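Undergrad: Each chain, letter by letter, is given below.
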Amino acid sequence: MANQGRLRGRAPFYWAIFSPALAVMLLLTLYPMLNVLVTSFQDYNYLTEVRRWTGLGNYRDILGDELFQRSFLNTVVYCVGTTVVEVALGILLALLFYGDFRGKSSFMIAAILPMMLSTMVVCAVWKTLYHYDLGLFNQILSSLGLGRVGFLIDSGKALVSLAAVDVWQWTPFAFIVVQAGMASIPAEIFEASLIDGANPRQRVLRVTLPILRDQILLLVLLRTIDTFKIFAKVFALTRGGPGNATETTSFFIYREAFSYFKLGRSSAASIITLAAVVLISMAYMRRILKED
Amino acid sequence: MASYVQKKRGILFPLAMALVLALSLFPIYWILATSLKTPVEVISTSPTFYPHEPTLQNYAEIAKGGYLRNVANSLVVTAASTGASLVLAFLASYALSRYRFPLGANKAFLVWIIMAKMLPPVVLAVPIYDLFARLRLVNSIPGLVLVYQVYTLPYCIWMLFGFVKALPREFEEAADIDGASNSQILWRIAFPLVRTGVVATAIFSVIVAWDEFLFALLFVRSPDKMTLPLVVSGFIGEFETLWGQLMAIGILATAPIMAFSRVVFRQMTSAYSLDLK
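Sequence order for the protein chains is B and Y.
Here the first sequence stands for residues 1 to 292, numbered as in the working numbering.
Here the second sequence stands for residues 293 to 569, numbered as in the working numbering.
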């Protein structure tokens, strides 16, 4: 920034090229968020367009609503479960396939294909695999003389079945992130630990994983944030059912707003969800801010 | 790296490799295999692991059903939203990395960008829907392109900002001394230097836009304006067992993105390597 003075003289130019993106962001994110915040304190009838202030009424209503509680719990269970499994598997795979071997990059590219598929296509194929009567899984189970499993229609199993789809689709992401980090650890570090007589287990636990700590933390955050949004899979595979076994907060908000037109309630649920997301991401944000 | 790697790999290693490949590729194989089966074979009570009478019948049905229109919609929406995001994001990143806006706006904006990337999009849906309804942008392709900026713009700004910030300033300064105008410096000097960054950003933005479901679901009403994820979801819901056709659409919805696998692998490998020096 040596020539800050000259640059300051060009303020109109910089404003001109910054403002289109700024305008779009204000219109599509800031305005809607403020709007939702205001609506969350109102009773808003979509058809008559009448807004009535209700204070904290919507929040009390939502927090006491069993379906919302259930959806929030499901979301947290799903989010934590998939993130832990995906990251653990990713680390395991990266350790297993560390270093060079013949055909490594072709192997990696084949292994990451699941995350390249469109989510709806992933849902489509898993829906057919899970199908109670005609799905491959149940056909195999019954030909082995085992009972059929209601993967998506048994309320005790539906959430796990959804999570399994996410694990299949996104473990490759964890794999590639951890392996990229691991591949970039300089050889000298391992040589030093070898000279110090560290055995393989010690090398993994005391050298590799500590070096990758920040990387793994970032990965956990990225997966947490992504799985917390879960909507498309619920919509395509279970619609929140059976009963409310796979109801999630995004799906709850969607239904309150676009099926029941209860916009005050959906807004309050949105703000609560948003608060949860901000809380989750605090650690991440703090690092970004410190970096600059 | 050599000395750490020179360990002997046991006979279990190829087995582990085969297992990983089987798990990750089987569902993809299943999409392809199902799309080539006859309707009768698809719903037969004893499973067939490969199409016994391979047929392109499902693909013909898809073409006849007018679904190529939806492929075109997806292509247009994806290309337009990515293109728009790239232009806006490049301009904004350049401004943010070369000029200090008042009131700490630079940092505030970047934090806002991250926030926008994190929040569940359904949270924004109602006010955007109201706004778009008033502007007559609901159920229109341009409306979809605009609303997809919710995903693609923060993404592109975040990625391009990193690339633009890392550019050496010397070229721009030299051009400035030679009397080049601001926009000449921007498009003739800075832009060519970040071209590889722009390509990488574009690919990830394409993947996001191609995959988008929620806003398409909320904003599109007429079948002729639907994008592929919406068509697939409709098929899952309405035609319980037309799996052959469903998977044929799945192949159409998958092939264009799969083509990027190699680039994505390279890009992610370099993006997520540690900066240990």
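Treat the hints as calculated values from the structure; they're not laboratory data.
Bear in mind that the values here come from a model prediction, so they are computed numbers and not experimental data.
All residues carry an ideal CB built from backbone N, CA and C; glycine is no exception.
Do not rely on the hints blindly, as some may be mistaken.
Each computed SDA-like pair below joins lysine to any residue, with the alpha-carbon atoms no more than 25 Å apart [said to hold, decoys possible]:
no., chain 1, residue 1, chain 2, residue 2
1, B, K157, Y, I335
2, B, K157, Y, A466
3, Y, K399, B, I280
4, Y, K409, B, Y31
5, Y, K399, B, F258
6, Y, K409, Y, D422
7, B, K104, Y, K399
8, Y, K409, B, S19
9, Y, K457, B, A180
Chain B side only, calculated, beta carbon under 10 Å to chain Y, not exhaustive [said to hold, decoys possible]:
no., residue
10, L27
11, T54
12, G55
13, S143
14, L144
15, S184
16, I211
17, L212
18, K229
19, I230
20, F235
21, I253
22, Y260
23, I280
Undergrad: All hints, please: hold or fail.
TA: Against the structure, the hints:
no.: 1; hint: B/K157 with Y/I335; result: 24 Å, holds
no.: 2; hint: B/K157 with Y/A466; result: 65 Å, violated
no.: 3; hint: Y/K399 with B/I280; result: 20 Å, holds
no.: 4; hint: Y/K409 with B/Y31; result: 16 Å, holds
no.: 5; hint: Y/K399 with B/F258; result: 35 Å, violated
no.: 6; hint: Y/K409 with Y/D422; result: 22 Å, holds
no.: 7; hint: B/K104 with Y/K399; result: 40 Å, violated
no.: 8; hint: Y/K409 with B/S19; result: 19 Å, holds
no.: 9; hint: Y/K457 with B/A180; result: 23 Å, holds
no.: 10; hint: L27; result: 8 Å, holds
no.: 11; hint: T54; result: 17 Å, violated
no.: 12; hint: G55; result: 20 Å, violated
no.: 13; hint: S143; result: 8 Å, holds
no.: 14; hint: L144; result: 12 Å, violated
no.: 15; hint: S184; result: 4 Å, holds
no.: 16; hint: I211; result: 7 Å, holds
no.: 17; hint: L212; result: 8 Å, holds
no.: 18; hint: K229; result: 4 Å, holds
no.: 19; hint: I230; result: 9 Å, holds
no.: 20; hint: F235; result: 7 Å, holds
no.: 21; hint: I253; result: 5 Å, holds
no.: 22; hint: Y260; result: 12 Å, violated
no.: 23; hint: I280; result: 8 Å, holds
Checked against the numbered hints given earlier, this structure breaks hints 2, 5, 7, 11, 12, 14, 22; the rest are met.
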